[in-house]
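Chains as they are written, first to last, in my numbering: chain A, 6 to 318; chain B, 4 to 526.
Hints were generated in silico from the structure; no laboratory data involved.
Heads up, some of the hints might be wrong.
Said to hold, decoys possible - Computed spacing ranges between beta-carbons, pair by pair:
id: 1; chain 1: B; residue 1: Arg244; chain 2: A; residue 2: Leu132; range: 39 to 45 Å
id: 2; chain 1: B; residue 1: Ser301; chain 2: A; residue 2: Lys120; range: 55 to 61 Å
id: 3; chain 1: A; residue 1: Asn56; chain 2: B; residue 2: Asp497; range: 52 to 58 Å
id: 4; chain 1: A; residue 1: Tyr191; chain 2: B; residue 2: Lys45; range: 53 to 59 Å
Heads up, the beta-carbon is just placed ideally off N, CA and C, and yes, glycines get one too.
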Amino acid sequence: MSSQKNKLTLGYKAKKYKSLIPFVIPAVLFAVIFSYLPMAGILIAFKDHPNFLRYDVFEAFAKSDWTLENFQKLFSDPDILKYIKNTLIISVMKIVILFPLPVILAVMITELKSKRFSKLVQGIVFLPHFFSWVVIVGIFNNIFGMYGPINNIGTALGMDPVHFMGEPSWFRWLVVILSGWKEIGYSSIAYIAAIMSIDPALYEAAKIDGASKLKQIWNITIPSIMPTIIVMLIIRIGYLMDAGFEQVYAMLNPNTLETGEIIGTYVYRLGFLAGSTDYGLSTAVGLFNGIISLLLILGANYISKKKTGNGVW
Amino acid sequence: MKKLLSIILLIAMLCTSVLALTACPDNGGDSEINMDIDLSQKIDLSVLIPSSGKKIEEINNNKNALLLEELTGYKVTYTQLPASDASGTLNTEFMNKTPYNVIKLTKDQFSDLVKDDLLVDITDALAKFAPDILANISEESWDVVTVDGRIYGIPERASSDNIENPIVFNYDLLLKLNLDMPETLAEFEAVLKAMTEYLGKPALTFNKYTPLVHAISSAFGIHSYWQEYDGEVLFYMNAPRYDEYIEYMHSLYEKGYIDVEVSTNDDAACVNRFVNGFKANATGAKAGAYACSLWTVSSIVTSLQSNEVITKEESAGELDNYLGYVRSLKENADDDEKVYRSSGYTYITAIPYYMAENAGYALDWMNSKIKDTATEDNFRQLVIGEEGKHWEKTSDGGYMPINPAFAEKDDAHIFLNGTNENKYTEYWLARVRKQPELFRAWSELMEDADEVGVYNIADFTPPLADYNTYRSSVEEYAQTQFYVMLKDGTGILDNVLTQLNGNKGCDKATADINNWYKNVYTK
Numbered sequence: 006m007s008s009q010k011n012k013l014t015l016g017y018k019a020k021k022y023k024s025l026i027p028f029v030i031p032a033v034l035f036a037v038i039f040s041y042l043p044m045a046g047i048l049i050a051f052k053d054h055p056n057f058l059r060y061d062v063f064e065a066f067a068k069s070d071w072t073l074e075n076f077q078k079l080f081s082d083p084d085i086l087k088y089i090k091n092t093l094i095i096s097v098m099k100i101v102i103l104f105p106l107p108v109i110l111a112v113m114i115t116e117l118k119s120k121r122f123s124k125l126v127q128g129i130v131f132l133p134h135f136f137s138w139v140v141i142v143g144i145f146n147n148i149f150g151m152y153g154p155i156n157n158i159g160t161a162l163g164m165d166p167v168h169f170m171g172e173p174s175w176f177r178w179l180v181v182i183l184s185g186w187k188e189i190g191y192s193s194i195a196y197i198a199a200i201m202s203i204d205p206a207l208y209e210a211a212k213i214d215g216a217s218k219l220k221q222i223w224n225i226t227i228p229s230i231m232p233t234i235i236v237m238l239i240i241r242i243g244y245l246m247d248a249g250f251e252q253v254y255a256m257l258n259p260n261t262l263e264t265g266e267i268i269g270t271y272v273y274r275l276g277f278l279a280g281s282t283d284y285g286l287s288t289a290v291g292l293f294n295g296i297i298s299l300l301l302i303l304g305a306n307y308i309s310k311k312k313t314g315n316g317v318w
Numbered sequence: 004m005k006k007l008l009s010i011i012l013l014i015a016m017l018c019t020s021v022l023a024l025t026a027c028p029d030n031g032g033d034s035e036i037n038m039d040i041d042l043s044q045k046i047d048l049s050v051l052i053p054s055s056g057k058k059i060e061e062i063n064n065n066k067n068a069l070l071l072e073e074l075t076g077y078k079v080t081y082t083q084l085p086a087s088d089a090s091g092t093l094n095t096e097f098m099n100k101t102p103y104n105v106i107k108l109t110k111d112q113f114s115d116l117v118k119d120d121l122l123v124d125i126t127d128a129l130a131k132f133a134p135d136i137l138a139n140i141s142e143e144s145w146d147v148v149t150v151d152g153r154i155y156g157i158p159e160r161a162s163s164d165n166i167e168n169p170i171v172f173n174y175d176l177l178l179k180l181n182l183d184m185p186e187t188l189a190e191f192e193a194v195l196k197a198m199t200e201y202l203g204k205p206a207l208t209f210n211k212y213t214p215l216v217h218a219i220s221s222a223f224g225i226h227s228y229w230q231e232y233d234g235e236v237l238f239y240m241n242a243p244r245y246d247e248y249i250e251y252m253h254s255l256y257e258k259g260y261i262d263v264e265v266s267t268n269d270d271a272a273c274v275n276r277f278v279n280g281f282k283a284n285a286t287g288a289k290a291g292a293y294a295c296s297l298w299t300v301s302s303i304v305t306s307l308q309s310n311e312v313i314t315k316e317e318s319a320g321e322l323d324n325y326l327g328y329v330r331s332l333k334e335n336a337d338d339d340e341k342v343y344r345s346s347g348y349t350y351i352t353a354i355p356y357y358m359a360e361n362a363g364y365a366l367d368w369m370n371s372k373i374k375d376t377a378t379e380d381n382f383r384q385l386v387i388g389e390e391g392k393h394w395e396k397t398s399d400g401g402y403m404p405i406n407p408a409f410a411e412k413d414d415a416h417i418f419l420n421g422t423n424e425n426k427y428t429e430y431w432l433a434r435v436r437k438q439p440e441l442f443r444a445w446s447e448l449m450e451d452a453d454e455v456g457v458y459n460i461a462d463f464t465p466p467l468a469d470y471n472t473y474r475s476s477v478e479e480y481a482q483t484q485f486y487v488m489l490k491d492g493t494g495i496l497d498n499v500l501t502q503l504n505g506n507k508g509c510d511k512a513t514a515d516i517n518n519w520y521k522n523v524y525t526k
């Protein structure tokens, strides 16, 4: 990889980096088997109810007719726009509100003087990442319940109790709060690693020049980890159409469908829930989702390259 | 050295990937039943059952399982589906062709699988291997599993056609407030008002799966999910007076009489609230009335006891000072009473197409379980056990369980595959008698059941293509929209109905079910 910008032929490169090739093979195979080969399944979106349960994949595929019905259904569903909107709003809220937090946390953790305390804090904030969403939503159902601590404090202060989990206007905020609580610690790992690798000489020089702590952070730490931040942001934007299926699915209830149903949960409902086997429609929605994600990530990379010169490729 | 290492690595990777790609199960197997098997050479059977709520080791070592092995001579290994998303898992099992000789399905799962041509046609094999099953299951029941004149499963008729969706009241509180059990909507509202004021919390609770509170909807002429209105079968949301029902529920909600958390409540939460209503010093959620299933009464009694509202001795008797049941409310006191009566087919047992070869053994096994004659009473032994050990005759000819020995029969229903319809209802009552309060509730709710009961027409349908395709989306949509309208009122009802009958497919399901209904019932 490195900084060589000259146009080398593939053959020449292959020869030069020959010894590295075996190390790349597992990753390539993984991508081929689990990401590229399954893409053939996209064709299901253009098939009329193939019977996968009775026949093997290829036979079922051959037996069913080609159709565009799934896409007609998809685009004639008035709710689908609402779900796309919900997905984007929740995703954007998550990025805007939550994306900067791990960076701040990482800076704070690395600035701690006591190494033991720093390790302790890291451990505590990582921990929620390892809980499943179902468990976390269960805990927060109680905390935000009608008779939970939040409402108890509220009523003690003279406010009316609110059924937070069943209130459409609160739903997206709760998604962001829970998601933040669970993932901030874990997301900060990459930044902590990046900060650790900054050359200490830079800080010493700055100290000699009389730069304050804040100045050091602003002028050394942040610019040094900027490439990491940008790569993380581009990756994050690639997931824009995925607003966190598992979390939202665990949190949804009839009252919050209006503001909370996202593409992921909708696809699940269509394709799998209650024995439904509408794989065609489900795949069509997934494909549509994928195309939007692809456009988003291409766009983000393009802008980033233009503005900062950093990009994923 | 480096070169050698990379070559070895490369080869290793290639081998793994080739292995991964070729390790798919081989497909094949025909769907012909072998009619010339030797039944004296019994094979081991593998059976897939619905989630039992118990660990599978407990099922496999259950006394009833061991009893069956002794009675039938077949060694059986049971596997169960998960409680949540069972149908999804079932589909995966079919994709993997997991070798189950017998699968016990819900009626909806059965219909879905038949539609996809996944079950064995057992019409001819039944006559050869299972004469007792044929003899002890009614014509009406066989219709449910028949598609184009061919039989694809063994129906398990519901144990008893119960009226089982009451509102349970805290009768103790009613007495304290000097109130009678409500009969009309107006009285009901007055009771809720008084209870709500007393408790300081909304008095009525129910869980997140209750889009139709049967006791209340009955006042608006809506009794079951699919019911006939002036010659036309309609889904409850399309019923003529559905808007009035929603309007009424919404008004109760607005006035603060309905638990705000109904859309997220599970049964445990509801029972907890209801039992808290008995305790003067309890904090948190409380309720005085609970729209539940009859079968929740057992957990209510257990919870009342564990919360020391009643003593252990009291819990072993009737609790007519604590609990009161209303099965239906009326609009006016002199209206005729009608109420939903459950029925239909709890389970249907079928054989996967790829296991057809050995279907004879499976049918023979099930046939043996259903036998109930003077000489061979396998069915009775399974369901209620032995006379003198598990039960004794009552003076009115019923079966009175002997505790605690009868407790081992609690799980017997898990092991049924089709029932001896001539005997089952009679035996089954022993299970209700086991807990006196449950039996009191059941008897009270079942009074004049034949006159007041209204069935769900969909309980009796054979697999119908359009109905089965759209049923789950229709029901799920109706359920979620109920909770939305409960809170926000009927403003969106027109929109909801357009969606329901258009996109969600209720119009197609309705046409399908009417088509069948008119053919069958106009004959």
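Here is how each hint holds up against the structure:
1. A C-beta distance of roughly 54 Å is found between arginine 244(B) and leucine 132(A), which places it outside the suggested range of 39 to 45 Å.
2. Under the hint 55 to 61 Å, the C-beta atoms of serine 301(B) and lysine 120(A), about 58 Å apart, fit the expected range.
3. Separation of asparagine 56(A) from aspartate 497(B) is about 38 Å and departs from the stated range, judged on CB atoms against 52 to 58 Å.
4. The hint said 53 to 59 Å for the Cβ distance between tyrosine 191(A) and lysine 45(B), and at roughly 56 Å that hint holds.
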